[in-house]
Amino acid sequence: MIMILPELSMLLFSIVFLFLSLGRKKDGIVLLAKSLSIIIFGISLAGVFASGELFSGAYRLDLFSQVFKAIIAYGFCLVIFILDRQNEVEEAYFPEYIMFLGFSTLGLMMLVSSVELISIVIALEVSSYSLYVIVPLRKGQTNIQLEASVKYLFFGAISTGIMLFGMSYMYGIVKSTFLNDILKVLPGFMGQPIGVFALILTLTGFFFKLSLFPMHFWAPDIYEGASNTTTTFIATVPKIGAAALLIRITMLANASGVQFINLLIVLAAISMTFGNLVGLVQKDVKRLLAYSGIAHAGYLLMGVLALSKDGYASAIYYITVYLFMNLACFYVLVVLSKDGRNIVLDDLVGLSKRAPLLAFTLAVGAFSLAGIPPTGGFTGKLFLFMSAFREGHLTIVIIAAVNTAISIFYYLNLVRMSYSKEAESAEPIQLTFNEKALCYIFIFLVLYMGVMPFGLLDIFRMAV
Amino acid sequence: MTTALHKYLIMNTLSFPILSVAIFLPLAGAILLLFMRGERSIKVTALITAIINFPLSLFLFSRFDVGADRFQFGEFIPWVPSYNINYILGIDGITIFLILLTTLLAPLCILCSWTAIERRVKEFMFCLLIMETAMIGVFCALDFILFYVFWEAMLIPMYLLIAIWGGPRKDYASIKFFIYTLFGSVFLLVAIIAVYLVTNTFSIPDAMFRDYDFTFQIWVFLAFAIAFAIKVPMFPFHTWLPAAHTEAPTAGSVFLASVLLKMGTYGFLRFCLPVTPKASVFFAPYMIALSVIGIIYGGFVCLSQTDMKKLIAYSSVAHMGFATLGIFSLTLFGWEGALLQMLNHGVTTGALFLCVGVVYERTHSREIYDNAGLGKIMPVYVGFFGLFSISSFAFPGTNNFVGELYVLIGIFSQNKLAGFFSIVGALLAAAYMLRLLKQIVWGREDKRAISDMNAREVIYLLPLALFVIWMGLFPRPFVQVIEKTLMNLHSQMNIFFR
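For the protein sequence lines, the chains are A and B, in the order given.
Position 205 (the first sequence) corresponds to 205 in my numbering; numbering is contiguous.
Position 54 (the second sequence) corresponds to 1054 in my numbering; numbering is contiguous.
To be clear, the hints were calculated from the coordinates, so they are not data collected in a lab.
From a predicted model like this one, the values you see are computed outputs, not experimental measurements.
Just so you know, not all the hints are guaranteed correct.
Claimed, not checked - For lysine-lysine, the following DSS-like pairs were computed, each having C-alpha atoms within a straight-line distance of at most 27 Å:
no.	chain 1	residue 1	chain 2	residue 2
1	A	Lys421	B	Lys1176
2	A	Lys283	A	Lys139
3	B	Lys1007	A	Lys353
4	A	Lys353	A	Lys309
5	B	Lys1007	B	Lys1484
6	B	Lys1122	A	Lys436
7	A	Lys353	A	Lys283
8	B	Lys1176	A	Lys353
To be verified - On the chain B side, residues computed to face chain A include the following (Cβ under 10 Å):
no.	residue
9	Ile1085
10	Ile1156
11	Gly1166
12	Asp1171
13	Ser1174
14	Val1186
15	Ile1193
16	Tyr1297
17	Tyr1360
18	Glu1361
19	Ile1368
As the list claims (entries may be wrong) - Listing some non-contacts, in silico: residues in chain B with all C-beta distances to chain A over 12 Å:
no.	residue
20	Asp1069
21	Glu1152
22	Arg1366
23	Gly1375
24	Phe1395
25	Leu1427
26	Leu1462
27	Pro1463
28	Arg1476
29	Asn1494
For each residue, glycine too, the CB sits at the ideal point set by N, CA and C.
I would like the entire structure built from these sequences, with the hints used as guidance.
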């Protein structure tokens, strides 16, 4: 029991808020959520070196899963801290909101430990269903978030269907649902259409979570429709779980699956090019970040398609950096948007005058997303490039390099708006201590991961 | 530390890591600025930080062993051991003057912005100091990744300098500058990774003079060359430069012209020649052609300019053309000339931009016509301006003459035609600079209430003026310092010339 403490504590957290949602008293809820989330992060961190198996091997605890759990718990903790303002969700739904965030995180934690197809599906659905519920929870009901939630639900269901279809193929080949058994047999089928087919269809479910082409189209609408904090969560934490499973599942392939790798290369190339090109014309910052997310899913795939230890480690490194830099950008949006509405590019004008720290946080986040040293985004991208290049995938590296140059335009736009344009009314934004602290944390994390990658990178290499 | 590295690097024997201090002192100053209030104290702190760095680099210079054939003052700290990325620093004859130039110009840039920058002083000084850190870092780094980090890190403060404190078209200029240079840089990164996958190390000395496959060299050279040619900038890649120069504040223009452009030619000398020697020989004729086109084109465009800053910006295209011309003449004389030209252009063009800044502060116009006829009103200013102008077109007895002479000797021994055309370019330079000088000094007669230069302005132009004359009359000490390193490079590369 002691091994699955992170999951248990997460479950407990959600149950606590389940009861709170039944009660009338709504005071002190945020404070409680904050302190509990810190404790959960502490527990996950302490459990990093736990190992073992549960449920006859369907649920495995190893360094890989535990590291991811710690990252997920940290992401969750940061999102809870971002969720400072109650102006995004109706007050009455607040405890439920936190409860569903908790359940979703629990699902992701289960996901990274699952090594059996059925439990993977269950974990994935636990995390998804909670999100389907919270997408429409936004103050000031309009059609836009209803549309978003319906879209999210439908596309999620479809992608689950496709994934199950692929898994049925896997089961058909191997006659087992355990990844270990599949790992022994499936690589032998990688030269044949059925093997590639099974793997690709299964991966589609995760592509949906990662918003990778061709499963990307939900992202911009849902990002735009959901409240700022919900988007912050959807854009960051589930991606970590999806990346973890993506890595686990691609491990089922081996280098002989040339068609499989070629397909991943094509997907990565299209995803980053499409995301970046469409990102260029976005006005709504959340939509812009959605397209940036599509592009980044493409970058991430470069590490995965190398099918090497280095590649997987760099993919984990990158998704971790992505978590921090994306959170940094979203955080600025959450703070800026006092009434919970969407921020468009023009709202950023004069930000450096109104709130220098916020502008700086946004700049660090944007430059990191663009991959400019000395930020974590650069170091992460460097590792990805190196691992893909080492396995001989020169084309995708060059495509990614060109894409980096394209993407700089819209990331720079964020900085340009907040720094070089002058605002007509420059009333300063007062930041609370909590907000300042979070800004400094994000800046520190992004820069730290850029300048000192060694410790984390070594842990990630050990984990894969 | 790899044993191979010992062959290239003399470790630092001073009691403190002098290169790291030189690099990170401005950064420390910049961080200190963040916690300060009050414009005056911010300016003074920034100035002091920058000033301390100059004697420090003079001290570095005094300990510099002219006869050594290896990198000196080496520092080595493992950084990301699993990928063999290390923090390696070291300098040689190619870099020592570039570091001196940077540390000399940094305080001058702060001085020239003393009254010109009126808003967001703290951020401005912060950017300047970060720039200094990155620039010194680029010249000291002996690890590809470290080099790349500094190389790219410089983009951000430079972008902000143009975007926030720039002229009316600052938006366009800053974005063009950023995207253009970043576009080249990503190819540089790909080339760096390619070299790494062959050598399994990011150490720059380790990557030099290896017998790489010829096709590999061709591709790596092209990737390097795109990045460096954009930075220099060579002829078809130069379009970002006039816009960026014209819109940048004076300090930004000075840094841009004097140091940033040098990073491109430095890259050619440091990476293209030793890492891809065969490809360099192969591509030399094309690079020479581009350089000559740049010289002539820059000259003609300058003739038609009415904006002082734009004229000097375009003249940079021509002058830097001489530097690349010298490098790709693949002769010792050419390289010496190129290196001297880099140094001279840094001083002269930096000084000319400072001069433009001086009048701009008074007349708020950079149009030649608006600033014409200053001869009687500002005699001291015109004295300085005249000196730097004649130095700019390589008048004998001034610094640029020495550099261009060396380059011409180098190129004539290799390619008479290119030599001939570059002389035409030098004549054009005389034409447009004298035209500018004539306009500024005697242009029109009217009585305007403009004060001559004040003490602060004289202080920041005087060292540059002294350098112009010193280098022009007595270049031997400068040549001596760079000679050994370049001779070494030449002898190592001689194998590939045959």
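Here is what the structure says about each hint:
{"no.": "1", "hint": "A:Lys421 with B:Lys1176", "in the structure": "holds (16 Å)"}
{"no.": "2", "hint": "A:Lys283 with A:Lys139", "in the structure": "holds (22 Å)"}
{"no.": "3", "hint": "B:Lys1007 with A:Lys353", "in the structure": "violated (52 Å)"}
{"no.": "4", "hint": "A:Lys353 with A:Lys309", "in the structure": "violated (46 Å)"}
{"no.": "5", "hint": "B:Lys1007 with B:Lys1484", "in the structure": "holds (16 Å)"}
{"no.": "6", "hint": "B:Lys1122 with A:Lys436", "in the structure": "holds (20 Å)"}
{"no.": "7", "hint": "A:Lys353 with A:Lys283", "in the structure": "holds (21 Å)"}
{"no.": "8", "hint": "B:Lys1176 with A:Lys353", "in the structure": "holds (24 Å)"}
{"no.": "9", "hint": "Ile1085", "in the structure": "holds (9 Å)"}
{"no.": "10", "hint": "Ile1156", "in the structure": "holds (6 Å)"}
{"no.": "11", "hint": "Gly1166", "in the structure": "holds (8 Å)"}
{"no.": "12", "hint": "Asp1171", "in the structure": "holds (6 Å)"}
{"no.": "13", "hint": "Ser1174", "in the structure": "holds (7 Å)"}
{"no.": "14", "hint": "Val1186", "in the structure": "holds (4 Å)"}
{"no.": "15", "hint": "Ile1193", "in the structure": "holds (5 Å)"}
{"no.": "16", "hint": "Tyr1297", "in the structure": "violated (26 Å)"}
{"no.": "17", "hint": "Tyr1360", "in the structure": "violated (20 Å)"}
{"no.": "18", "hint": "Glu1361", "in the structure": "violated (22 Å)"}
{"no.": "19", "hint": "Ile1368", "in the structure": "violated (28 Å)"}
{"no.": "20", "hint": "Asp1069", "in the structure": "holds (31 Å)"}
{"no.": "21", "hint": "Glu1152", "in the structure": "violated (5 Å)"}
{"no.": "22", "hint": "Arg1366", "in the structure": "holds (20 Å)"}
{"no.": "23", "hint": "Gly1375", "in the structure": "holds (38 Å)"}
{"no.": "24", "hint": "Phe1395", "in the structure": "holds (40 Å)"}
{"no.": "25", "hint": "Leu1427", "in the structure": "holds (39 Å)"}
{"no.": "26", "hint": "Leu1462", "in the structure": "holds (34 Å)"}
{"no.": "27", "hint": "Pro1463", "in the structure": "holds (32 Å)"}
{"no.": "28", "hint": "Arg1476", "in the structure": "holds (40 Å)"}
{"no.": "29", "hint": "Asn1494", "in the structure": "holds (32 Å)"}
The structure shown violates the earlier hints numbered 3, 4, 16, 17, 18, 19, 21.
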